[in-house]
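The primary structure of each chain is shown beneath.
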Amino acid sequence: MPISDILARPVESAPTPAESTVLTTNHLSVWYGASPALKDITIDIPRNRITALIGPSGCGKSTLLRSFNRMNDLIPGARMEGQITFDGQDIAAPEVDPVALRRRIGMVFQKPNPFPKSIYQNVAWGARINGYKGDMDDLVERSLRRAALWDEVKSKLNRSGLELSGGQQQRLCIARTLAVEPEVILMDEPCSALDPISTARVEDLMDDLKADYSIVIVTHNMQQARRVSDMTACMMLDDLSNGNGHRTGIVAEFSPTDRLFTNPKDPRTEAYITGRIG
Amino acid sequence: MTPPTVYEPERWSRRALGPIFGLACLVATSSGVVVLSILLGAVVAAVVKGSPGGSAFAMLRHLMSSFQSVDPELAGFKAGLAGSLWLLGLVTVFAIPVGVGAAVFLEEYAPPGRLRRIVQLNIANLAGVPSIVYGILGLALFVRAFGMKRMALGPTLWAGGLTLGLLILPVIVIATQEALRTVPGSLRQAAMALGASRWQVVRDHVLPSAMPGILTGVILALSRAIGETAPLLMVGAAGAILRLPRGPSSRYTALPVEIYNYAKEPDPRFQGVAAGGILLLLALLLTMNATAIVIRNRYARSSRG
Chain A
1 MPISDILARP
11 VESAPTPAES
21 TVLTTNHLSV
31 WYGASPALKD
41 ITIDIPRNRI
51 TALIGPSGCG
61 KSTLLRSFNR
71 MNDLIPGARM
81 EGQITFDGQD
91 IAAPEVDPVA
101 LRRRIGMVFQ
111 KPNPFPKSIY
121 QNVAWGARIN
131 GYKGDMDDLV
141 ERSLRRAALW
151 DEVKSKLNRS
161 GLELSGGQQQ
171 RLCIARTLAV
181 EPEVILMDEP
191 CSALDPISTA
201 RVEDLMDDLK
211 ADYSIVIVTH
221 NMQQARRVSD
231 MTACMMLDDL
241 SNGNGHRTGI
251 VAEFSPTDRL
261 FTNPKDPRTE
271 AYITGRIG
Chain B
1001 MTPPTVYEPE
1011 RWSRRALGPI
1021 FGLACLVATS
1031 SGVVVLSILL
1041 GAVVAAVVKG
1051 SPGGSAFAML
1061 RHLMSSFQSV
1071 DPELAGFKAG
1081 LAGSLWLLGL
1091 VTVFAIPVGV
1101 GAAVFLEEYA
1111 PPGRLRRIVQ
1121 LNIANLAGVP
1131 SIVYGILGLA
1141 LFVRAFGMKR
1151 MALGPTLWAG
1161 GLTLGLLILP
1171 VIVIATQEAL
1181 RTVPGSLRQA
1191 AMALGASRWQ
1201 VVRDHVLPSA
1211 MPGILTGVIL
1221 ALSRAIGETA
1231 PLLMVGAAGA
1241 ILRLPRGPSS
1251 RYTALPVEIY
1261 NYAKEPDPRF
1271 QGVAAGGILL
1281 LLALLLTMNA
1291 TAIVIRNRYA
1301 RSSRG
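If you read the sequences in order, they're chains A and B.
If you count by this note's numbering, then the first sequence holds residues 1 to 278, one letter each, in order.
If you count by this note's numbering, then the second sequence holds residues 1001 to 1305, one letter each, in order.
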């Protein structure tokens, strides 16, 4: 089959068996200007599972996460080599519109960042700009219910999203992401600004969401990775091998979470999870 | 042997310097207030002195409703007031869309690099060009169109409005850029991550968040335009106009130009007239600033709620 046919194939026709992969990186490398941030990353993100990215600071976890929805495109000087496929489609292909891609691959950020608008508008805005034609009230309620926030905010939908507590704001950001019906949700340390109770609620929510969504979460908290994720990628900085002294992020090990934490294959992973480095 | 002490805390001078600095700042603040009070007092005194018999308010009403005259008893600012309001409208229409648009392009769209830096530097320099230079530019470009008679606008409101528009354009661009820079990047990222196009992000999030700052800058710039005299003298605001402008291609005069003309009259009774004109100008400026504050507060409330 010619390449153009493969690329033109509608995404819906991609096979979706139970243990299929939703995102694949193939020898992915990312640079910011002249300095390399990621080198030769090849991993498969499974569908309807939670995949955790762990590793020491500066090893490129967030860079990898932001490559999946091409948020790195917004950083001047960022460029990538290798390939990322989403449902079998190369996301860097010229016919892929990053704006359309970002609706299908949602993102939740480290610091809760609701819009300075009402709770209702926070959820409705993304759907409206993406041309949602259905019943907006219904969509807002469904999204807030799915994010386990509805009961807390149903009486004050017109109040500002900024009046909510930090944990509620983060669930509002999740509801906002769910409202545009993505297939993948990328979470960049979603609980690092939250207290333990809020963190537990978000973790419960993630567990609940994985029936319908594939989740990739960056976390510094190894207990969190252990609690919530099915697969874990332990990322590392490579040894000083590229001459200029700049160290680059690599994936040291990518395994099912219970295996990675109980029986790590890679000595660097073992050193990291036992607290000897990082 | 004990090592020599390295720390020598000058507690007394530190404790004294703090309040002295605070006091200096207070003096700086009050000097502004004092100067403003003196200015207002002097102007009001001149108006009262110049309106024998009648009250100051009656005189202002009279000034607003009469045209220019060689007789100080009959002289007023009707034509200048109308001309200034026309100019205000034209400048608003020319300068705000272009200035805000340029700032949005520079902040939200233009890729960083040498070209952007050069443009940025030039805009900053333009903001510092003396207004008389804009007057000469306006004379050559708009009034005479470099000698092309068909294109020339002549000494009309069009030419005056465009010249003042050019004058305040860099101020609006810079103020808008500052306002856009205060919008947190996390807001843009949140919107982009939902699959919004850059235009949707700018329209629904960046501009509304920056609006209070933009409005402040725009109103300050418009206030400057309203008070300018020199460029209008260059582009031909008339000395004596005895009817109101009928449209943007009419000849015109402006409030500060008339004040200038009255102030240089030898008859001392014209000094009161000029002072009255200054009061009218101040009233116009204060109204504009008050409007800006009202709009800004409304915006701030709606973006919070």
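Everything labelled a hint here was simulated from the structure, so no lab data went into it.
Computed from a prediction, not measured in an experiment: that's the story for all the values here.
One or more hints might be untrue.
As the list claims (entries may be wrong) - Taking CB as the label site, the calculated pair distances span:
(1) B:TRP1199 / A:ASP266: 44 to 50 angstroms
(2) A:ARG159 / B:SER1186: 32 to 38 angstroms
(3) A:ARG159 / B:GLY1128: 23 to 29 angstroms
(4) B:THR1092 / A:ALA193: 42 to 48 angstroms
(5) A:VAL96 / B:PHE1146: 26 to 32 angstroms
Backbone N, C-alpha and C fix where the C-beta goes; we use that ideal spot for every residue, glycine too.
Checked hints:
no.	hint	in the structure
1	B:TRP1199 / A:ASP266: 44 to 50 angstroms	46 angstroms, holds
2	A:ARG159 / B:SER1186: 32 to 38 angstroms	21 angstroms, violated
3	A:ARG159 / B:GLY1128: 23 to 29 angstroms	46 angstroms, violated
4	B:THR1092 / A:ALA193: 42 to 48 angstroms	43 angstroms, holds
5	A:VAL96 / B:PHE1146: 26 to 32 angstroms	50 angstroms, violated
Checked against the numbered hints listed earlier, the structure breaks hints 2, 3, 5; every other hint is satisfied.
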